[in-house]
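So the protein sequences, as listed, match chains A and B. Quick note: the first sequence, position 322, residue 322 per the numbering used here, numbers continuous. Quick note: the second sequence, position 41, residue 41 per the numbering used here, numbers continuous.
Source of the hints: derived by calculation from the structure; they are not laboratory data. Idealized CB from N, CA, C, for every residue including glycine. One thing to keep in mind: the hints can contain errors.
[Unchecked claim] Residues on chain A that point at chain B, a partial pick, calculated with CB under 7 Å:
#1 Ala158
#2 Asp173
#3 Asp177
#4 Ile191
#5 Ser220
#6 Ala221
#7 Gly225
#8 Asp227
#9 Gly240
#10 Gly241
#11 Glu247
#12 Leu250
[To be verified] Restraint ranges, calculated between C-beta atoms of paired labels, are given here:
#13 A:Gly11 to B:Leu21: 45 to 55 Å
#14 A:Thr86 to B:Gly66: 17 to 27 Å
#15 A:Glu140 to B:Asp95: 48 to 58 Å
#16 A:Gln2 to B:Glu88: 45 to 55 Å
#17 B:Ala11 to A:Thr272: 39 to 49 Å
#18 A:Gly11 to B:Thr73: 54 to 64 Å
#19 B:Gly29 to A:Gln350: 42 to 52 Å
#20 B:Asp95 to A:Arg259: 29 to 39 Å
[Stated by the list, open to error] To list a few chain B residues with every Cβ distance to chain A over 12 Å, as calculated:
#21 Glu35
#22 Arg54
#23 His85
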Amino acid sequence: MQFKGYRRPDGKVGIRNQVLILPSVVCANRVARGISQAVAGTTWVEHQHGCTQLGADAELTARVLVAHGTHPNVSGVIVIGLGCETIRAQDIAAEIKKQCSYKNVATIIIQDEGGSVKAIGSGVSIAREFVGAASAGEREWIDASELILGTECGGSDACSGISANPALGVTSDMLIDAGGSVILAETTEIIGAEHLIAARAVNPQVARKCFDVINACEASANKMGVDMRGSQPTPGNIAGGLSSIEEKSLGCIYKAGTRPLQDVIEYAAPVTQKGLVWMDTPGQDIEQLTGMAAGGCHLVVFTTGRGTCCGSPIVPTIKVATNTALFERMNDNIDINAGTVITGEENVEQVGRRIFAEMLDVASGKLAKAEILGFNDFAIRRIGPTM
Amino acid sequence: MARLQAIVMKAKDNVCTVVELIAPGSEVGMEINGENVRVRADEAIPVGHKLAIRDIKQGEIIMKYGEVIGRATQNIRIGQHVHVHNLESCRGRGDR
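Produce the complete structure using the sequences and hints provided.
Below, the structure is given as C-alpha cells:
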C-alpha cells in the first residue's frame, strides 16, 4: 500500500508542501494573517500565547510552535515576533533551522521592521519566494508504513460509538498492520474506558502509564469541585444521547481499533513508535488537534455526530459523520458518511476500508474539505498561569 | 439486513440505543444474542438516546458496551428513557 508524498532530505515524509506563517506571540497574529492573506500557497496560525509564560508552560508553547515549523508537511516557515516577547521569534526560527537545515526559514520582527505595514511587506516578499520553491517539490511513491494517523472525535453523539468510531478503528488496525502509526488521544474521553486500553498495553509499565494519566486528568477535574457532566460530556453530547463521560469514552476508544498499545506519550511529544500510541491531550478538539500535529501526525481522521468544521493549518483533517442526517446537513464540511452502518447499508468493516482509501488519497494530495474551506484552527494546551 | 429500531451493543447491557425517533407506546425491535426482541417504549425516545431493556433498580449499575456507563438514581422500568435525569456518572465527581 502506497501513497504519493514528499521525501525530505532528512528521510522524513510529508504529504503537503505548506509555507507556514507562524507568530511566536499573540501580538504578531495580525501581521501573520496579513502576510498569509496576501500570498497564495501559504497558511498561518493565530494563538493567544508567547509572552509572560513561565517554566514548563513556556517550554510547552515553544515546543508546539517549533514542532509546527519542523513538521514534514511544511517546507518553509516565516516566524513573526513583536520584539519584546518571552518566546522570541528568532529563537523559534533558529531551533526549526537547527532541526531541519533543508527548510526555508525566516524571521520578521515587527519592532525592527518599523511597524506592522512594513513587517507585512517584508513577509510577503519572503513568502512569495518560499512558495515558489515549495511549488517545485515533486511527489513520489511512499509506503503507507511511513504514515502517522491522528484519530479524533468531536461533537460526538450516541452513534459515534456504533458507526464512525468502530469504522475508524478498522482503518487504524489496517494502517498498523501495514506498519504505520496511529495516535489515540483526548485523555478526558478515555475516563471510564482506561482499563480496556491498559489491557492492550505491551508491558506493565505502559499499562501503569494509562492509569497514571487518567488519574491525573480525573484529579484535576475533581479539583474544580463539581460534577464533570455538563463540560464532559458537553451539552451537545448530552442532547445527542450521551449520558456520562463513561458512555462517551467507551464509544470514543473504538477509534483506536484492537491492536496493542505501544506507549503513552506527553502532549505534543514526537511520535517515534510504530503501532498504536496514546498521546495525553485534553478532550478539547483544537488543543488535541494541535498536539497531535505537533507530535508529527501527517493527517487526522475526525469523527463527528453533531458536526464540526475544524481543521489544522498543516495537517489535513478528514471528517467522518456518524449519521446520514448530519452528512447531508453539513455536507460542505464532512468528507465521509459512516451513517450507513446505522441504516444497515454497510457494515463497520466496509466503512473502515473506505476511510482507509480516502486517507491514502488525501495523503497523495486530494484536499480534505477543511483544507479547501481554509480552516486553520490552532490552540496550545496551557499548563501554567499567565503572569 | 432487517431494519431494527435499536442497537444492543452487548448481551449483558440493560439499555439499548435507538436509531430512529420512537413514539410513546411503540414497539422497539432489536437483536440480542442473534434473537429478535421487542420492547414497548413507555415514552418518546429521541434518536441516539437509550431505552431500558430490563427493570433497573435505584443504585444499580447501568451497562452499555458490556461496561459501566453510570448508576441509576431512581428505579427505572423496562421501556423507559435512560438519560441524565435517571443516570448519574460514577467518574469525574468533584461534587462529592
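Taking the hints in turn, this is what the structure says about them:
1. Ala158: Interface hint status for A:Ala158: holds (4 Å vs cutoff 7 Å).
2. Asp173: At about 18 Å, which exceeds the 7 Å cut-off, the nearest Cβ of chain B leaves the hint on A:Asp173 violated.
3. Asp177: 24 Å, violated
4. Ile191: 5 Å, holds
5. Ser220: For A:Ser220, the interface hint is violated, since the closest Cβ of chain B sits about 10 Å away, which is over 7 Å.
6. Ala221: 5 Å, holds
7. Gly225: 5 Å, holds
8. Asp227: Holds, because the Cβ-Cβ distance from A:Asp227 to chain B comes to roughly 5 Å (cut-off 7 Å).
9. Gly240: Holds: closest Cβ of chain B sits about 5 Å from A:Gly240, inside 7 Å.
10. Gly241: 3 Å, holds
11. Glu247: Interface hint status for A:Glu247: holds (4 Å vs cutoff 7 Å).
12. Leu250: 4 Å, holds
13. A:Gly11 to B:Leu21: 45 to 55 Å: Since the Cβ atoms of A:Gly11 and B:Leu21 sit about 54 Å apart, the hinted range of 45 to 55 Å holds.
14. A:Thr86 to B:Gly66: 17 to 27 Å: 50 Å, violated
15. A:Glu140 to B:Asp95: 48 to 58 Å: 56 Å, holds
16. A:Gln2 to B:Glu88: 45 to 55 Å: 50 Å, holds
17. B:Ala11 to A:Thr272: 39 to 49 Å: 41 Å, holds
18. A:Gly11 to B:Thr73: 54 to 64 Å: 57 Å, holds
19. B:Gly29 to A:Gln350: 42 to 52 Å: Given range 42 to 52 Å: violated, Cβ gap about 23 Å.
20. B:Asp95 to A:Arg259: 29 to 39 Å: 37 Å, holds
21. Glu35: 17 Å, holds
22. Arg54: 17 Å, holds
23. His85: 9 Å, violated
In summary, the structure is inconsistent with hints 2, 3, 5, 14, 19, 23 from the numbered list given earlier, while agreeing with the others.
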